[in-house]
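S.K.: Chain by chain, the residues:
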Amino acid sequence: MNRRRLGSYLAVIVFAVPFLLPFYLLIRNALMSRRELGSLDWHWWPETVTFQGFADAFGNEAVPLAHALWNSTLIAAISAPLSTLLASMAGYALARIPVAASKPAFFFIIATMMVPGAATFIPTFVVVGSLGGVNTMWGLIVPGLFSAFAVLLFRGFYLRFPRELEDAGRVDGLGYLGLYGRLALPNSGALFASLGILSFIEHWNAFLWPLVIGQDPEYWTVQVALSTNLNQQAVNLPALFAGALVAILPLVALFLIAQRWIVRGVLLTGIKG
Amino acid sequence: MTTAAPPRPATGRPRRAPGRRAARWPAWRAFLLLTLPMVAGLFLFKYVAIGWGFLLSFNDARGTIALGDWNGLENYRRLLGDPAFTRSLVTILLFTLFIVPVTFALALGLAVLVNRLRGGRAFFRTTFFIPAAVSYVVGALVWKMSLFSGTPSGVANSLAYLLGYEESIGWVATVDPPLYWIVLVTVRLWLQTGFYMILFLAGIQQIPAQLYEAARVDGAESEARLFRHITWPMLRNTSVAVVLLLIINAFQAFDEFYNILASNLSGLGGADGRTPLIYLFQTALGEQNYGAGSAGAFVVTVLIVVFTLLQGRFAGFGRSEEEG
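Protein chains in written order, with full-length UniProt numbering: chain A, 1 to 273; chain B, 1 to 324.
There may be inaccurate statements among the hints.
[Said to hold, decoys possible] Short derived list, chain B residues pointing at chain A, Cβ under 10 Å:
(1) Trp-28
(2) Leu-44
(3) Arg-116
(4) Ala-122
(5) Leu-141
(6) Ala-173
(7) Pro-177
[To be verified] In silico negatives: residues of chain A with every beta carbon more than 12 Å from chain B:
(8) Gly-7
(9) Leu-26
(10) Val-49
(11) Thr-50
(12) Asn-60
(13) Glu-61
(14) Pro-64
(15) Gly-189
(16) Phe-192
(17) Gly-243
(18) Ile-262
It should be emphasised that the hints constitute simulated quantities derived from the structure, not laboratory data.
Yeah, the Cβ is synthetic: ideal placement off N, Cα and C, and Gly gets one too.
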């Protein structure tokens with residue numbers, strides 16, 4: 001019995017090393033000097049720890065990293081709560097308001113789930129482009145706000161919402177909007193948090209759509225800025241890794257702090273996918 | 001009938017006749033207010049977009065997104081006649097056929113392993129899960145510029161050196177044998193395995209412990225038999241969902257291919273590492289050929305839908321066998 005457990009620990013450690021190695025490389029490379037990182041020898045740790053990479057990353061005028069970070073923050077911070085709110089509104093109406101249009105509206109919404117997201121980037125670009133959305137903040141944000149999948153999850157949640165609570169609210173004179181705003185929404189905090197955090201991660205890490213829409217450097221997100229640096233002719237390696245480290249720190253922190261909600265969200269969106 | 005009908009017993013339902021008519025408009029108004037943003041957004045960015053794209057795919061739309069220059073099936077003919085496009089379809093097919101089973105096995109194996117631990121379970125779960133926080137761009141950067149960089153100080157080359165290889169290997173640039181493939185596959189494994197491990201872990205933890213106890217009483221002692229007869233069948237629904245998600249995600253590969261290979265495409269004998277989405281990106285945004293780009297979007301969409309339907313079909317057969 002004990003030997004088996006020892007075996008499990010050995011195996012899990014063997015797998016853990018390659019999973020942690022890339023994080024180690026990110027940190028090590030960001031803290032090395034250009035000369036040392038460019039040298040041909042392997043170093044476990046920089047001889048002299050330097051923050052020059054960070055200074056270079058933020059000092060590069062051709063690729064405005066600070067501005068890109070600001071764009072990404074803005075996009076994710078607006079998209080996550082707003083897309084979750086829109087989904088919860090629709091989910092509540094579909095679950096709880098008995099009108100004849102409920103079923104057709106539901107099918108109208110979930111039918112969009114059959115079309116894979118990334119394969120629609122050209123049609124969506126055509127629409128957003130014709131509306132003048134290229135190189136605009138709204139072009140980056142608005143098309144990503146509508147998740148049929150989140151509607152499905154919220155609808156399921158509100159279908160199980162206790163009737164007694166709503167009856168009590170009705171006695172107090174609340175209409176449907178009041179029931180949603182005063183009762184249903186405040187009581188869906190857990191689902192809201194799980195899906196909101198996942199949405200934040202998704203928008204922060206998005207690459208294809210920002211690459212398509214934010215063509216002007218002023219509208220680059222942090223992922224587009226990193227990619228631009230990566231594909232340049234002469235690469236300043238420590239600066240590249242310093243920028244990447246800055247780009248993942250907010251999300252790694254979020255993961256460590258809010259892990260419970262993230263796992264819940266993964267299970268919800270993963271299983272039902 | 002002369003006697004008056006007895007009064008109907010009061011039911012739990014809200015009173016019908018007068019109340020319903022009065023409640024109608026407020027209910028409709030609330031329904032519209034709450035669903036309209038979502039319905040309008042999906043209408044514009046999915047339905048209109050797809051409809052327009054579909055029409056555009058039958059137009060000669062170069063440098064324009066306007067309809068009107070009808071050219072029938074010319075875009076589709078051009079696309080399917082372009083070896084670069086058909087090669088990109090082969091590329092993504094091979095990629096999917098490889099990455100789906102490997103990620104599946106690795107995620108399931110890690111879930112079983114982590115579940116078996118007593119102490120430190122949370123630590124290892126986090127270790128495997130945290131790459132899911134990293135973007136594909138950053139993953140591509142670490143893989144291309146550090147782990148699998150062509151210089152002697154790259155991690156893979158340092159390991160190769162320890163194993164006796166004197167020459168440093170240019171991983172991304174080597175097409176024959178296709179070493180760049182190792183770079184592409186491992187980065188995706190690192191980025192996505194933890195996500196699916198979490199799904200399996202939750203599935204395993206929902207299996208009632210009594211099942212295992214009963215099996216042990218019946219004489220099933222070995223770990224492998226318990227897995228085969230209890231864990232695996234009980235994870236059926238999770239497995240189907242995981243395979244479905246893996247297929248959809250594999251077909252839409254773009255980020256890591258673009259960032260690892262984009263600047264090296266010429267060095268890779270043309271379009272070897274291009275996925276369909278990269279091909280379409282270059283067609284639509286590089287050449288500004290929106291007609292051909294739209295046609296390609298539909299070819300890819302149809303492929304994904306067919307593949308996921310096929311997968312559902314196979315999973316469905318499995319179920320009927322089990323139940324029958």
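S.K.: Hints first: check each against the structure and report whether it holds.
M.R.: Taking the hints in turn, this is what the structure says about them:
About 6 Å separates the beta-carbon of Trp-28 of chain B from the nearest beta-carbon of chain A, less than 10 Å, and the hint is met. For the restraint placing Leu-44 of chain B at the interface with chain A, the shortest Cβ-Cβ distance is roughly 7 Å, inside the 10 Å limit, so the hint holds. Checking Arg-116 of chain B against chain A by beta carbon gives a least distance of about 5 Å; that is within 10 Å, so the hint holds. Here the hint on Ala-122 of chain B is kept, as its CB sits about 9 Å from the closest CB of chain A, short of 10 Å.
A hinted interface residue such as Leu-141 of chain B counts as satisfied when its beta carbon comes closer than 10 Å to some beta carbon of chain A; here the least separation is about 5 Å, so the hint holds. A hinted interface residue such as Ala-173 of chain B counts as satisfied when its beta carbon comes closer than 10 Å to some beta carbon of chain A; here the least separation is about 15 Å, so the hint is violated. Below 10 Å, beta-carbon pairs count as interface contacts, and Pro-177 of chain B has none with chain A, the closest being about 22 Å; its hint is therefore violated. A cut-off of 12 Å between C-beta atoms contradicts the statement that Gly-7 of chain A is not in contact with chain B; the least separation is 9 Å.
Not every beta carbon of chain B lies more than 12 Å from that of Leu-26 of chain A, the smallest distance being close to 6 Å; the non-interface claim is violated. Every CB of chain B lies more than 12 Å from the CB of Val-49 of chain A, the least distance being 17 Å, so the non-interface label holds. The beta carbon of Thr-50 of chain A is kept farther than 12 Å from every beta carbon of chain B, the shortest such distance being approximately 17 Å. The claim that Asn-60 of chain A is not at the interface with chain B holds, since no C-beta of that chain comes within 12 Å of its own (minimum 15 Å).
Taking the minimum C-beta to C-beta distance to chain B, about 21 Å, the non-interface status of Glu-61 of chain A holds against the 12 Å cut. Interface exclusion of Pro-64 of chain A from chain B stands, the closest Cβ pair being 17 Å apart, more than 12 Å. With a minimum CB-CB distance of about 18 Å to chain B, Gly-189 of chain A clears the 12 Å threshold, and the non-interface call stands. No beta-carbon of chain B is positioned within 12 Å of the beta-carbon of Phe-192 of chain A; the least distance is around 15 Å.
Non-interface status of Gly-243 of chain A relative to chain B is broken: a Cβ of that chain comes within 12 Å, the nearest being about 9 Å off. The Cβ of Ile-262 of chain A does not lie farther than 12 Å from every Cβ of chain B; its closest approach is about 8 Å, which violates its non-interface assignment.
Hint violations for this structure: numbers 6, 7, 8, 9, 17 and 18, all remaining hints satisfied.
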